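Colleague: Sequence:
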Amino acid sequence: MTRRTDWPDSADRPGGAGAAGDAEHRSGRTGGAARRDGAAARDGGGSGPSRAGSGPPRTPEEQARAICLRLLTGSPRTRKQLADALRERGIPEEAAKEVLARFEDVGLIDDAAFAGAWVESRHHGRGLARRALARELRTKGVDSALIDEAVGRLDPAQEETTARELVDRKLRATRGLDRDKRLRRLAGMLARKGYPEGLALRVVRQALAEEGEDPELLDQHLPDA
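Using our numbering, the letters of the sequence shown map in sequence onto residues 8 to 232.
Heads up, none of these hints are tricks.
In silico SDA-like pairs for lysine to any residue, Cα to Cα no more than 25 Å straight-line:
id : residue 1 : residue 2
1  : Lys-147   : Glu-127
2  : Lys-147   : Arg-86
3  : Lys-104   : Ala-120
4  : Lys-200   : Pro-83
5  : Lys-104   : Thr-146
6  : Lys-87    : Leu-107
7  : Lys-147   : Gly-97
8  : Lys-188   : Glu-167
9  : Lys-87    : Glu-156
10 : Lys-177   : Glu-127
11 : Lys-200   : Ser-151
12 : Lys-188   : Thr-168
13 : Lys-200   : Ala-120
14 : Lys-104   : Leu-79
15 : Lys-104   : Asp-117
16 : Lys-147   : Gly-114
17 : Lys-147   : Thr-80
18 : Lys-200   : Ala-139
19 : Lys-147   : Leu-107
20 : Lys-147   : Pro-83
21 : Lys-188   : Arg-176
22 : Lys-104   : Ala-92
23 : Lys-104   : Asp-91
24 : Lys-177   : Gly-132
25 : Lys-200   : Gly-148
26 : Lys-104   : Arg-77
27 : Lys-200   : Arg-212
28 : Lys-200   : Arg-142
No lab work stands behind these hints, which were simulated from the structure alone. None of these values were measured; they are calculated from a predicted model.
Please build the complete structure, drawing on both the sequences and the hints.
Modeller: Quick look at the structure:
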């Protein structure tokens, strides 16, 4: 009987690749064992050196690119955040600068866009005011001019509307407390989110007055800073 030798590719041979697959086929080993051994042969075996391309990049620039791409895949980052990450991983400064500059050139790093998206997301998602948003962006290394531009797009009327919504959500939880405690608690909540004292007082007084509190009595009390 003539032996068939016209398999188009070693991976198509029964039991695995190469001579090992032919030997397994001839010996009548079970398909499951053959498949396991065949997969091991294609992967280079369960031990020994890793496959080509699976090792670390060879140059600092390649390492820097890989680190930056991995971090940017998770979420947008500022240039400073990426620079800090490269420094922590021991990437030489010159290699880091070269890669970061290239990423800026192609738009993968855009601190202005990052700041704008941050303000939009954190204001609508967490109710943060301009002061708190600016503080967060500074910790991420965004340039002051870009911060001013981003928070400046937040309309004061929208900021006040958001403050009122925050107070309305907390009103029920403060019912049963005396007037002073309610005033301090609600205004303190707004202060922690970056709202100026004047705005916080106005919004809280209005909300409590609408619930029946005496506006004149409210005017006599200021929340603690």
